[in-house]
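S.K.: Take a look at the letters that make up each chain.
Protein chains: 2
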Amino acid sequence: MAQNGNNRVGNNDNRILHNYFRSSSSYRVRIALNLKGLPYTYAAVHLNRNGGEQFQDPFKALNPQALVPVLSDGGLHISQSLAILEYLEEKYPEVPLLPKSIEDRAYVRQLGLAIACEIHPINNLRVLKYLTGPLGLPEEAKNQWTRHWINLGLEAIEAELARSPKRGRFCFGDTPTLADICLVPQMFNAARFGVDLSRYPTLSAIDAECNKLPAFQQAHPGKQVDSE
Amino acid sequence: MAQNGNNRVGNNDNRILHNYFRSSSSYRVRIALNLKGLPYTYAAVHLNRNGGEQFQDPFKALNPQALVPVLSDGGLHISQSLAILEYLEEKYPEVPLLPKSIEDRAYVRQLGLAIACEIHPINNLRVLKYLTGPLGLPEEAKNQWTRHWINLGLEAIEAELARSPKRGRFCFGDTPTLADICLVPQMFNAARFGVDLSRYPTLSAIDAECNKLPAFQQAHPGKQVDSE
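Just so you know, the sequences run in chain order A and B. Numbered by the UniProt record's numbering, the letters in the first sequence go through residues 1 to 228 in order. Numbered by the UniProt record's numbering, the letters in the second sequence go through residues 1 to 228 in order.
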């Protein structure tokens with residue numbers, strides 16, 4: 001990969017991932033692109049620099065929501081990480097991220113959404129900034145808030161997976177799916193906020209299995225060009 | 001429909017929607033079932049009664065997340081409204097909720113997720129209870145919080161749809177999709193919290209079009225057996 005300046009890395013100008021190293025939803029898409037073997041140019045959007053690069057053009061023209069990630073694929077710009085994952089699954093079906101049967105697909109999506117809809121949105125950067133900014137809460141209250149929602153969500157998913165006959169090395173069977181793609185960034189985020197992950201032995205074992213795979217390793221926030 | 005007691009209405013014991021009249025995610029699934037013409041038994045789970053019926057068995061055995069809705073379909077139990085919508089789309093493809101082309105499907109999912117992941121989770125009942133409970137915020141701060149996130153989210157979707165050449169009577173074209181199914185409950189919720197919807201003329205026009213359809217009308221919170 002070549003450094004092009006402007007925090008862009010990669011030579012694939014047909015597929016660009018506008019993202020931020022530490023964003024969980026960006027991390028999800030990086031894993032999916034790696035699993036499917038799809039090369040891309042990494043375009044860093046720094047959420048904490050210049051008042052937030054996500055609020056400035058040209059990024060906001062790509063996504064009025066001012067949220068990373070956005071995948072630009074052959075002229076199409078897609079926001080929302082789960083919409084991107086479903087798009088990749090339909091457009092590039094090789095190395096599937098969802099099982100075959102309708103019932104199993106529902107199960108895997110349900111696990112992924114339990115993270116993407118119930119844990120992550122309550123703890124993303126803009127919400128945490130609102131707690132300490134307009135609401136004037138101290139840093140410790142913010143951290144308690146984060147751990148509260150992460151624990152509540154992970155407890156439920158641990159309970160679900162611990163009892164699941166469908167569990168294998170990964171959330172579903174022995175190949176990674178959309179559920180693992182959502183789980184691993186959430187576990188990383190949980191550790192960052194000091195959540196005691198030993199409470200989640202099933203999730204920790206799956207996380208460890210995922211992190212043995214190069215697709216997950218190379219998507220890790222610490223490995224990105226904009227990592228701090 | 002017949003009243004069976006226990007807040008159950010309907011004779012279709014093969015398909016049961018465990019839900020709550022005012023829950024936006026429940027409302028989404030009711031619309032989808034109605035659009036697809038799929039009869040179901042309505043099983044009310046009262047989120048504010050008996051300390052929250054979602055925390056008690058038998059509901060929590062169905063869903064350790066203790067969140068409505070859960071769709072029970074022929075013995076399969078699915079949580080997470082968007083997983084349910086995708087399941088219904090795959091299992092009962094007649095009256096599609098997603099367009100045909102991969103690119104358009106990504107666009108519609110992106111709109112739905114911009115509501116389901118970026119607005120609704122930050123304002124659902126358990127988050128609002130945490131603000132006034134553990135964080136000890138006054139009612140007015142809670143309402144400001146809610147309006148803040150709703151306005152932020154709706155502004156972006158208004159901007160997106162106002163410029164979209166794909167918009168028709170509905171978010172995408174002239175038949176309702178998953179995007180409209182997410183939009184209408186969010187608009188209802190916004191009105192309930194006193195958001196000025198005149199700021200969103202495009203969204204208001206689409207909302208009005210949707211609410212002309214019986215499938216949307218019959219899914220309205222005010223029409224449910226547990227409505228208060």
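Since the hints were made in silico from the structure, they are not lab data. Any given hint might turn out to be false.
All copies of an identical chain are treated as equivalent in the list; a pair is satisfied when it fits inside any one copy or across any two copies.
Said to hold, decoys possible - Straight-line alpha carbon distances no greater than 25 Å define the calculated DMTMM-like cross-link-like pairs of lysine to aspartate or glutamate that follow:
hint	residue 1	residue 2
1	K60	E158
2	K223	E209
3	K60	E155
4	K100	E155
5	K212	D13
S.K.: Each hint should be assessed against the structure and marked as holding or not.
M.R.: So, going through the hints one by one against the coordinates:
| no. | hint | result |
| --- | --- | --- |
| 1 | K60 to E158 | between (37 Å within a copy, 14 Å between copies) |
| 2 | K223 to E209 | within (18 Å within a copy, 48 Å between copies) |
| 3 | K60 to E155 | between (36 Å within a copy, 13 Å between copies) |
| 4 | K100 to E155 | neither (28 Å within a copy, 38 Å between copies) |
| 5 | K212 to D13 | neither (29 Å within a copy, 45 Å between copies) |
In this structure, the earlier hints numbered 4, 5 are contradicted, and the remaining ones agree with it.
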